[in-house]
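Once you've looked at the hints, go ahead and assemble the two chains, each given alone in its own frame, into the complex.
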Amino acid sequence: MSWGLIFATTKIFHFSHALTLTLAVYAAVLAAGPWGIGLPAGFALAAGAGCLVGLATELAVYRPLRRVHASQLNIFLASLGLLIAGQSAVLIAFGPQARALEGFPMTGIALGPVAFTTIEALWVVASWLLIGLLMAWLWRTRHGRAIRAVASNPELAQCLGVDRERVFLLVFAVGSALAGVGGALLALRDTASPTMGVPPVLAAFIAVFLGGIGSIPGAALGGVVLGLAENMGGLVLPGYWQGVIAFVVLFVVLVVRPSGILGARGR
Amino acid sequence: MDFWVHVLNMILLLSILGMSLNLLLGYSGLVSMAHAAFFGVGAYAAALSARHLGLPFPLTLVVAVALTTVLAGLVTLPALRVRGEYLILLTLAFQMVLYELMLAWVDLTAGRTGISGIPRPRLFGRALVTPLEFLPLIALCALGAFAIAWRIGESPFGRVLKAMRDDERATLAIGKSVLRGKVLVFCLSGGLVGVAAALFAHYQAFINPFSFTLDRSIFLVALVVLGGTANLAGTLVGALLFVGLPEVLRFLQARPEIVDAVRDLVFGVLLMLFMRFRPEGLLPERAGLGIVGRAAAPAPGPARATDWLSLSRSALGGAELPLRAEGLEKHFGGIKAADGLGLTLPRGKVTALVGPNGAGKTTVFNLLTGLLPPDSGMVALHGRDVTRLAPWRRVRSGLARTFQDVRLFERMTVLDNVLAAVPDQPGEHLGPLFLAPWRVAAAERRNREKALGYLAFVGLAHRANEVAASLAFGEQKLVALARLVATEADVLLLDEPAAGVDAQWVQRILELIRRLAAAGKTVCLVEHNLEVVTAVADRAYFMDAGRIIAEGRPEELMADPRLGEIYFGKARR
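Chains A and C are the protein sequences, given in the same order. In terms of this note's numbering, the first sequence opens at residue 1 and continues consecutively. In terms of this note's numbering, the second sequence opens at residue 268 and continues consecutively.
Looking at chain C on its own, in the form it has when it is part of the complex (with noise of 0.2 Å):
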């Protein structure tokens, strides 16, 4: 009996950690192979604070749950090199050092011998020894756990962090902050490793290093992995197998020194077959948050969707030229990207950037947007001097822009894209999450029907529900412009809003493009399809080899035979 509460037991302290790494790994698409690193510092924590300092339980919870959040935090200090394969070799490298650090700091941690006698917490004035009398602490902490992974992992801010998971400049480019996103997310994740880590060494009543090594990292990803990831439910399967399968090994009389090899050889072989026939895992993702899957998206009439794109960031009524750049210049190497460039946008109009290939137009963008640094130069919004102001702020100031490649986030619903672009969320920020969940419900019920109103707009509230990358290239591209409108900004940046994209859609975009202008926004466009500019464009700058070298409107700007010779060359007539 007690034998079987000791696997339930560390069955779920295993999925407490498969939790806390799946907020990475499954809904930041963030990879951390050093959770057993972070989870031996944990027990280390709570196993000396209550040895040498005499803390008795919960305390000891508390210490070894701030030290493993600052701990996990420290992993984003080389922000911007925070993903893909940096990110496995700056977890690795702290796996490494702190196992080696457990094994070496002889002092601190005995080393390999390991530190026993870690004394039993005490409830209600009596001690727990039996992995019976254990159950219920662990299984409420579990259960708090996986309640707050599932709170940021289905909320507002977990939208953020799938978003940035899918594409992280296209969550910049709609007024999130992506460093924010990940230090949050790695502080929460080391903290409920904190949580089961406490709690496994007063369980044990003995660590040493080894229950901390690179291999315990290696299947705790492989046990997230498997059981599917931003998928809760699926850890916890996960972690059902993983100490499930050697008892059931054992049962079955297994040779005992071969049993852990033999589920290790299972668990490598699955995780094999998964990444090939099924990568999202034994139990998938569901796109979208519940709440969303289950409204019936009631279409707001055309009108009403209207209303909502007189929303702005900055109140209307401000400057005429909302947006003005002077003498911006940007080097690569040899080449003059930007050449001393300065452009105006006036309100409810729109201006079109048109030029050769290579002008230079869509690094304007980039200029205008912070992506890209000016060498020189300055950009003015409202008046405002936003140069030195990063990506994700300027778009809450009032400055957004569309991608020539779209940049849908792809895994998640259509509604949720335009959703995530919503400004001043309460539910992206921690405490309200936590403290206020009835300020952040409410939110969200406006904010969904504001999204639903943008898709409306631009034609797509009946497919909110799907998975935006099932959309034909020209929806995809609808649906941009209805993020790009749900951030509030009201000068537009589009980046080729029709290129590549079916006429029957192009005419679509043109007419939405005009309703934009005509509601109050500043709107500009790069493109090469000079049909397109004559059709929507109020005036055009032309550029060429990164200068503007004219300014008029379309028509003129395309009247002009030395124009004509630099857009289709010499040889033409």
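Chain A on its own, in the form it takes in the complex (with noise of 0.2 Å):
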């Protein structure tokens, strides 16, 4: 959603988001590790990293890009070659090897025959409450209001005296955030790593057109549906096949239905 929220506001093919998911986690990762402050302030700093690292972006390249009237064709390119940068980077610096993110107890619990770890049960938790306060900012605030007039006709916003600049950085901001929260709870199970940010980012891509660009309960639905046809399909097929199930449903959802689950019919 968070990706979802960007690129329905801004029409930015934001790739780099895996970048900002990346640095957040390290962030998190150092935080709970080496400089021992704990992991609930480790969460607290991959968000504000993440903020910072997409106020940053939007700031230093996607702004520049868009006064010269750069294509969006451009613009992505540009977003690529900020996440390579910005991945090599951190390999320099870091190194190659994963590293965990310590600091959560992790138990098994069995509720009757489902069988989960605590990770996971936060993880439910955590993303439920995140969309839910998502949603509500979205839908009961001042500022939700705006961005959800940008979303859907920047021109006329901007006629309504909405500043689309402002609003643009108020969404990599909370979307950065967001992508900072989530990326350390995945690393909480999965562990940090330089490219580490590219598949949730991918499965965001996914989950966003699944559910209709445009459409930011639509990302969360896509995800929903992304995530049962996923674990459904690994009921049936051997495990090593998961991978392949999420774009085979994107490749369907594009030639069958191409506006998404949600997305509006038509023009």
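Derived from the structure by calculation, the hints contain no laboratory data. Possibly wrong hints are sitting among the right ones.
[As the list claims (entries may be wrong)] Short derived list, chain A residues pointing at chain C, Cβ under 7 Å:
#1 Phe13
#2 Asn74
#3 Ile84
#4 Phe205
#5 Val225
Cβ atoms here follow ideal geometry from the backbone N, Cα and C, with glycine treated the same way.
Okay, here's the thing in structure tokens:
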């Protein structure tokens, strides 16, 4: 949803969201490990770092490009450039090895026939909480309304006195902070590495397009559909086919219903 | 020595891939994030067919090329969505699926272990083993790939691709199939990848999935963009930098484990900086085909220019009413944009569509040209029902239009804009392009002369070699008119031909419209400026709320107080 929020509002195919996520997670890893200020502070730091990286990206890369009227393709390419540059900078600074985000007690929980870990329980609770908060913010507050206005019609919103550039900044701040927290959540189980940001962001691309571009609840729905498809498919097919399922689902949706599940029909 | 030859070989292989991608990215404006995966599929195809089927080298190359061609063609399956962010996502999906399959389909690909012992090719009775022995083969293939890519990019077909890149709707409006262009260019690009892939598999004698990751795809995009889009020499430079940079770093005795990371860092930063300060890349695209650029524009006399006007898709002397529409209906939600609309356009006359804003005038054009499918009703062109015909096919049968917002192909020259619209160019088909180049060259000479004639007709022959975007708005409208005439259609729909244009140009445009009608064209225009309508139109339809409510000579319609009220609103008078 964090990527969907940015994409729906700014129309930027923000590939280097993956870098935002990675950098935020490294901040959390450093906080919880070497700096020893504890995991909760690490999460806060991840949100903060994500927010800063997102803002810096918007201000230093995207805004100057928009000023020279770069095409969407060129902005995407710049985003790719930022991603590969950032990934290799992380690699040079921290080395290629994976680092664990320490400090969360992981134990198994069994509820009848269902077994899961405390981390997975945290994932479920935290992600629904964040989604709920985001939706409430978007639908109940003035800022949220401004964002939705810019997302649906930037020119008109501007005519009504909504400052597009400020809304973009806001969206990058919020979306990137969310990505930071989400990344830290993931890293609890899967460890941090320089390229860790790419798979979750790819999943986000797919979820957003499945749900329908521009529809923020659609992104959440797309995520749910994607997760279900992957895991249901996993029951039938051998485990290593799981990675393929998501993309096959996407391909089928793009061919059959190109506007996405919740997307507007027609133009 | 061997080491540097190896570096050279890798540069050549990479530049084949780069050229293949440049055809898509540079010439056609289509992104592929899946080139590394296509490369992988080709490599596996070559490796497996050599190992398990015992095929000798040139045949494995054929297998690889066939497979990558088909695979790349599959990308164009969701036809309408093959552009912009959809294409990024679609090709990303291809990249990930194929990569995962290479890892996971262990029975076929041996997963992470990879395939080793791929036999070395035997040519002229001896096996090629060392990099030096491989060099001639790779160089030859690279040269071939370069020749093919150049031939495609810098040909009439390439011109259609560039037109498609600059504006898809306008490409349809000059009677060229966008879908055909996309399918062909993806297949061709895939085929070139197959060549590089087969060479790579045999050269390395070992492959595993890690050579075909998303990162590889990204870097391929980066090197094409840095080198220069739509410039093949630029791609060669890009490949040279990409392979050369780490070697230079190694030479400078950088720590080996960071060499690649430093290169990636440099490429990433360069990519960002180039997008901001030099988006065209190191070696920018040359606007216009080389041959055209050198041709001094000989201005043909105006008399000859008028001769070209009588060229027409359908034999003149057909029906006196070339275009007839009946009962056209189109609803957008609750709004009736066209409500049982019928009209006829007589030959050699100028018919105007007038009416207040929102009356549905542009919708009528969209329905007639097929950009919008009607809910019901029919359109007949020269007595033939074309209601179900694709927009670009209608242009080929003689019904073409201009756009209110001009829609020139901005990065192409004025001449190429017009030249692209000339119908039936043999150079747009791959067969003649590669098998009968002399026919293509002769047709190109003829068509260029024609295009210059059309430009002379609108009075812009002297600006033929300038990039379209550099022209003033009024001049752009004139180029659009020349481009319209170049389609050789005989029913011409003009969407606000004089709107937003300085007075000095308006007179010129009106004069041209009159001459078109005098030459036997059927002209219909949408116009808000009533002076323009009275000055040029022989008859007019008055539209309101999706219906035609009156028909007659423009002066008669304007004298009708009822229509005046609708047009200007009741408050007036």
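For this session: Just pull the numbers of the violated hints for me, sorted ascending.
Result: The structure breaks only hint 5.
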